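Chemist: Chains as they are written, first to last, in the numbering used here: chain A, 46 to 426; chain B, 551 to 1054; chain C, 113 to 396.
Keep in mind that the hints were calculated from the coordinates and are not lab data.
This structure is a prediction, so every number in the text was calculated from the model and none was measured.
Ideal Cβ placement from N, Cα and C applies to all residues, glycine included.
Some hints could be false.
[Claimed, not checked] Far from chain A, some chain B residues (derived; all Cβ distances over 12 Å): (1) V647; (2) K744; (3) H835; (4) I840; (5) G881.
[Unchecked claim] One side only, chain A facing chain B, incomplete, derived with CB under 10 Å: (6) C66; (7) V93; (8) G95; (9) S96; (10) L98; (11) E147; (12) P149; (13) N151; (14) P152; (15) Q170; (16) K171; (17) K205; (18) F240; (19) P241; (20) P349; (21) L369.
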Amino acid sequence: MLVQKYYQNERFVPDKEMDACGLFGVMHTGGVRFGGQMAIDAIKNMKVRGSGLGGGFAIYGLYPKYKDYYALHIIYQNKNLAAKKVVEAFLKKHFYVIFDEEIPTNPDIRLFAPPLSWRYFVAPQKSSAEEDVPDDEYVISKVMHLNSEIEDAYVFSSGKDVGVFKGVGFPEEIADYFMLDKLYEGYIWTVHSRFPTNTPGWWGGAHPLSILDWTVVHNGEISSYGANRRFLEMHNYYCTLHTDTEVLAYAVDLLMRRQGLPIEVVAKIFAPPMWDAIRHMNDNDKELYTALRMTYAPLLMNGPFTVIVAHHNEMIGLTDRIRLRPITAGAKGELVFLSSEEAAIHAVCPDLELAWTPPGGEPVVVRLHTKDHLQSLNKSI
Amino acid sequence: MYDYLLPEFLVERREDSCIRCRVCERQCANNVHLYDTELDRFFLSEKDCVGCQRCVELCPTGALYVHPRLADYRPNSSWTRDKMQNLKKQAATGGVVLTGSGNDKPYRVYWDHLLLNASQVTNPSIDPLREPMEMQTFLGRKPDTLKIEFSEGKAKLASEMCPNVPVQIPLVFSAMSLGAISYPAFKSLAMAAKETGVLFNTGEGGLPVEMRDEYADCAIVQCASGRFGVDLDYLNSARIIEIKIGQGAKPGIGGHLPGEKVSDYIAQTRMIPRGTDALSPAPQHDIYSIEDLSMLIYALKEATNYTKPVSVKIAAVHNVAAIASGIVRAGADIVAIDGIRGGTGAAPLATRDNVGIPLELALASVDKRLRDEGIRNKCSVMAAGGIRSSADAIKAIALGADGVYIGTAALVAMGCTLCHKCYTGKCNWGICTQNPYLTKRLNPELTSQRLINLLKGWSHEIQEMLGGLGVNAIESLRGNHEHLRGVGLEEWELNVLGVKGAGE
Amino acid sequence: MNGFNVKFGYRDNFLDNLQPVDILYNTRVSTDGCRATINALGLKHKELNDLLRETVQSGGKELVINNVFGQRYIGTRLYLPSEDNKLHIEVNKFPGNDLGAFLNGHRVIVHGNAQDGVGNTMDSGEIIVHGRAGDVTAMSMRGGKIFIRDNVGYRTAIHMKEYRDKVPVLVVGGTAQDFLGEYMAGGIVLLLGLNLQESEPHRANYIGTGMHGGVIYLRGCLAEHQLGKEVGVLPLDDQDKAKIDCYVREYCNHFGGNPEEILNGSFQKLIPVSLRPYGQIYAY
Chain A
46 MLVQKYYQNE RFVPDKEMDA CGLFGVMHTG GVRFGGQMAI DAIKNMKVRG
96 SGLGGGFAIY GLYPKYKDYY ALHIIYQNKN LAAKKVVEAF LKKHFYVIFD
146 EEIPTNPDIR LFAPPLSWRY FVAPQKSSAE EDVPDDEYVI SKVMHLNSEI
196 EDAYVFSSGK DVGVFKGVGF PEEIADYFML DKLYEGYIWT VHSRFPTNTP
246 GWWGGAHPLS ILDWTVVHNG EISSYGANRR FLEMHNYYCT LHTDTEVLAY
296 AVDLLMRRQG LPIEVVAKIF APPMWDAIRH MNDNDKELYT ALRMTYAPLL
346 MNGPFTVIVA HHNEMIGLTD RIRLRPITAG AKGELVFLSS EEAAIHAVCP
396 DLELAWTPPG GEPVVVRLHT KDHLQSLNKS I
Chain B
551 MYDYLLPEFL VERREDSCIR CRVCERQCAN NVHLYDTELD RFFLSEKDCV
601 GCQRCVELCP TGALYVHPRL ADYRPNSSWT RDKMQNLKKQ AATGGVVLTG
651 SGNDKPYRVY WDHLLLNASQ VTNPSIDPLR EPMEMQTFLG RKPDTLKIEF
701 SEGKAKLASE MCPNVPVQIP LVFSAMSLGA ISYPAFKSLA MAAKETGVLF
751 NTGEGGLPVE MRDEYADCAI VQCASGRFGV DLDYLNSARI IEIKIGQGAK
801 PGIGGHLPGE KVSDYIAQTR MIPRGTDALS PAPQHDIYSI EDLSMLIYAL
851 KEATNYTKPV SVKIAAVHNV AAIASGIVRA GADIVAIDGI RGGTGAAPLA
901 TRDNVGIPLE LALASVDKRL RDEGIRNKCS VMAAGGIRSS ADAIKAIALG
951 ADGVYIGTAA LVAMGCTLCH KCYTGKCNWG ICTQNPYLTK RLNPELTSQR
1001 LINLLKGWSH EIQEMLGGLG VNAIESLRGN HEHLRGVGLE EWELNVLGVK
1051 GAGE
Chain C
113 MNGFNVKFGY RDNFLDNLQP VDILYNTRVS TDGCRATINA LGLKHKELND
163 LLRETVQSGG KELVINNVFG QRYIGTRLYL PSEDNKLHIE VNKFPGNDLG
213 AFLNGHRVIV HGNAQDGVGN TMDSGEIIVH GRAGDVTAMS MRGGKIFIRD
263 NVGYRTAIHM KEYRDKVPVL VVGGTAQDFL GEYMAGGIVL LLGLNLQESE
313 PHRANYIGTG MHGGVIYLRG CLAEHQLGKE VGVLPLDDQD KAKIDCYVRE
363 YCNHFGGNPE EILNGSFQKL IPVSLRPYGQ IYAY
C-alpha cells in the first residue's frame, strides 16, 4: 500500500510501530491453483504468535479471468461513500474500468469496524503527457495519489491477478470474513498474523503490504528503520504506514523491480555476510560482497526479521543474518511451504517429505516450474 | 602504566582532634589512611579515596573532613574534569569506563517540576491520624467486568480472578541481587518487606533456599537473561515472577558479576560453579521479539500453574509506550518501567549516562497509551528509577503508577552515600561487597529496622498528602493528573506528562 | 486511532475460549493402569497442559500424547518434587516451542521434530528427540540430558551451566547452526556430525563465543575461523574418551547406529581459554 506524504520536519514523522508475528506461505511450483484451507489452518495453528490485531492474506493466480488487468482492492474506511464517489471519478478519468464489484463478505462474521471493500479491474488510460510512462509506474503513481489524497480510501493491492485481503482480527477471522476458503484459489498463498505493539483499529496497518504484484509479510523489528527510511526517501518512497515492513516492501520494489537485481543478490543486501566472512571469501566474491555492502549499506536490514516476499512466479523466505527470527521450509511434491513454526506445516501437510531450516541471510527462493528452493537445502539443517 | 589521575577527594585531618585510634584506617577498604607507628602519624593515599564518608562518620572525635576536590585542571565547560579523567583512565587501560549507582547528570528531574494539589473550602481535607487512610494496593491483572450471581437479594461472585498480590503500601524494594549486594543487605530488604507487608525483589541472583520458608511470600523473583538460580522450586516459592528485560541504568546491555565475587554462597544461590563470571547476556536469548516474550510469560505461568502474576520490567526507552502495550498484550500482569536515573551495581558510564529517558515522561506516556487502547486494567504499572522521597512516590502514583519501586533510597537508608563505586567490591558500608570483613558491618536486625522506619515515614507522609487532597484511598489518586500541575516546564513536556501548568 | 466510540481492547490469544479440563479428560484421555493415551489434536497450549496435569493427578505415570502439532511447554507444568514421581512422556509427533522448559526430572521422548527452545532452563530429566530440533536448544540448561537424533538450529546450548553434581549433557547426532555454545558456562555438548560428508565441515560459525565453562566435543572437521575467540582446541585425554564413549553408546541405544563406527571418527575438544573472558575489558 503506497501513501505519499512529505513531512517538513522529522519531529513529526510518526514513530514506527513494531510488529511481531506468525508467517506462513505456500506455493505450488507447478502453478496449480488451490484453496486457502492450508494457509488458514496453518496460521490458526500458530494463533499465539498474533494478538488478534491484524491478519491478512495475499493470493496469486487469483483472478484468471481478469489476469491482464490491474486488480485494485480498495477499502473505504467508515464505509465512507463520499470517498467512494471521489475514487470512482478518479478511476474513470485515469483508467478503463473493465469490471467492479463489492468484495463479498460474510455478514455473520463480526469484526472490528469493517470498512466497505471493493475491487476494480482496470487498464491504464493515459493522457498524452503520460504516454511514455510505463504502465507499472503509472499505476503506482495513481495508487499513491488515491492513498495520500483521498481520505478514508486505501488501495490494499494493485497487481495483476493478485489480491490482498486483510484487516483487524485474527487471520482466520479475516479469512472467514472474506470467505477465502470458499471463494478463491491461487498458486501462492501468503498469510500473516500480527502482534503489533501499537494502537490497533486500523485495517491499513495489517499485512501483507503490497506494491503492484509484490507483497511482503514480515515478522520482527527492523532496528535500522530510520536509516533505511531516509535512504528510501531519497528514492521517492515515503514511509507513512509507520511500520518497518514498509521499508522492506519499498526496498524490494527499488532493488528488484526498478533496478532488476535478482533476489539472491537482494538477500545479500538486506542480510549481508559479516566482514569477517567476506575476508575468507575468494577474490571474486570478496569484490562482489564488498561492493554490495559499500553501495547498499543503507539498506542493510538490521535487527530481527523474517520476511516472505512474493510476486508472480516467485515466493521468497529470508531471515536476518544472525537468524534472530525463525523460519522453516518444507516441501511435498510440488508444494513448497514457508512457516514461522515447523509444526504448522505438519499440521496442514501430515505427509510432508522435507523440512529444513536455512541459516540466517540465506534465502529460500521458490520459483515456478523449478526446484530452486532446494538450493538452500544444502546449507541448511 | 602510570595513570595520571588526580585525586577526586581531599581528605583533611585535624591533627589536634585526632586521637590515633586508627578507626579510619580499619574502616577504609581503599587504604586511604595509613598509620605509621614509628613516626606516630597518618599518611594519606588521597587518590584512592572515593568519598564514601565512612571514616568521617565513624571518627569518634570528628577529626576528619572529606570533600570533593573539584577543578584542578584549567576550568573548561566542555572538557570537564570528569571527561578528562575518563580519557586518562582509558588511555592507561584500554577499558570500558565503569560506574555504579544511578545517573548523576543534570537531566531535568520532573518530580521537582510537578506540584500536588490540596483541598481548600470546597471539599474537606482528611486527617489521617484519626480517620481511615487506605494504602493497600493489588498488583496484577484486573478483569473487564465481573460475573455476579444475584439471587434472593444476595450477590455472589461468579468469576475467577487473575492472581493478584496485595501490598500494604504501594512501595516495593527494587531488584537488587544477592551478589550485587551483600547477604546482610539482601536479608535486611527481605526482613523489612515482610515486616511492613510489602515486597522485595531478588534480582537475578536467586533466592537462598533457607530464606524461602520465611521470606518467599514477600519475594518477587526475577527470571532474567542469565537464568541464575531459576528452577521450579524458586519460581513456585515466590509471590510474583518478574522477567527482567532491561534496567534503567543500562538499557540494552547485560550484566556481569565478576568471578571474584562469586563466592561459595553466591555460586550456590545462582547455581553456577564458584569463581566463574556470572554473565547475564544483553537479551534473553529466547526472547527476540514480542511473541517470544509472550512465550516466556506463558512458560512461567505454566511452570507455576497460573497461580502467580508475571511482571515484565523494561528500561524506559524512546518508544516505551508502544513496547508496554505489546507487553500487556503478550500476557504480562505487571509492567515495571525503570527510568534513566535507576541505579545499578555496575554499568558502563557511557551507557548509564546517555541511554534511556526519564521515568516521569515514560510513565505518563505508558499510562496514556494503555488507557487509549483500553487495556490499562489488564496490568499494574510499577514505576522505578530515582524515586527519592515520598513526594516523588506519590507524584508517580498520580502520574499513573500502581506502585513504586525504591532501590537507591533503600540503599541510602542502609548507609549508602552514593559514591558510585559499587563495582569495585570495596563498599565500606558493607552493602555492595562480598568481602566478609566489610559485610559484617551490616547487621540485618538493625538495618532492616532502618528500612522499616523509612517505609513508615514515607507512608505517613503519603497519607498526610492524600488526606490533604481530600481522598482516603490511594486508588483515588492513581492516574489522577488533576492533582498535579507543572511549573517551569515547556509546552511539549506538559503535553507528554499530560498535566496542566500551574494556575491553568 | 479510529474515530469510534469503542476501544478495540484486549484479546487473549492464549486463554480465550478454553475448554474445561474435566470435559477434555473425559473425551481425550484413555487410561490403562498408570498408562494414559491423550489425543492432543487441535488443543490449545494450556488445554493440553491442563490435561497432562489432570492425568498425572489421576495417577498417570506413562503418558502418550498423540496428534501433537505445535503445542508448547509440554512437561513444564508437571512439577512433582518427589523423586519417585518421575513420568515417562511420549510425544507424537511435532511438539511446539519450549518443550520441557524448566523440566524437573521427567523423561520426554519425541517421535518427530521438535521446535525452538527444547529444554529451556531445564533442571533435570531427559529429552530424547527422534528427529531434529530448532534454535536455542538446551538454553540455560542446568541438569539432565538431551539427545537429538539429527541437527539443531542456532544458539544451541547457549549459556548452558553446571552446578555441583549437576552436569547437563546435550548429544546431537547431526550438525548445528551458528553460535553453538555461546556464553556456555558448564555442561557437556557432544556434536557427532553423522550426516555430514567426509571432510565436510560443520555448519556452525561463531562456536563458543563468550564460552567460559563446560566442554564441547566435536566429531568431524571445522575451519579455524568457525571458532569464537574465547575457545581453545585440545586433543582428547582418557577421561574425555570415556565420556564420549559413554554418551555415544547412549545415543546409539536411543536411535540405533554402530557406536564403534562413530567412535572411530576424529574428535576434538573445545574448551574456554578463560573462566573470565571479559575480565580485562573494564577500566576501574
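Chemist: Could you run down the list of hints and mark each one as holding or not?
Modeler: Here is what the structure says about each hint:
{"no.": "1", "hint": "V647", "result": "25 Å, holds"}
{"no.": "2", "hint": "K744", "result": "37 Å, holds"}
{"no.": "3", "hint": "H835", "result": "10 Å, violated"}
{"no.": "4", "hint": "I840", "result": "4 Å, violated"}
{"no.": "5", "hint": "G881", "result": "9 Å, violated"}
{"no.": "6", "hint": "C66", "result": "7 Å, holds"}
{"no.": "7", "hint": "V93", "result": "6 Å, holds"}
{"no.": "8", "hint": "G95", "result": "8 Å, holds"}
{"no.": "9", "hint": "S96", "result": "5 Å, holds"}
{"no.": "10", "hint": "L98", "result": "8 Å, holds"}
{"no.": "11", "hint": "E147", "result": "31 Å, violated"}
{"no.": "12", "hint": "P149", "result": "31 Å, violated"}
{"no.": "13", "hint": "N151", "result": "26 Å, violated"}
{"no.": "14", "hint": "P152", "result": "26 Å, violated"}
{"no.": "15", "hint": "Q170", "result": "43 Å, violated"}
{"no.": "16", "hint": "K171", "result": "42 Å, violated"}
{"no.": "17", "hint": "K205", "result": "34 Å, violated"}
{"no.": "18", "hint": "F240", "result": "5 Å, holds"}
{"no.": "19", "hint": "P241", "result": "7 Å, holds"}
{"no.": "20", "hint": "P349", "result": "5 Å, holds"}
{"no.": "21", "hint": "L369", "result": "4 Å, holds"}
Violated hints, listed in ascending order, are 3, 4, 5, 11, 12, 13, 14, 15, 16, 17; each of the other numbered hints is respected by the structure.
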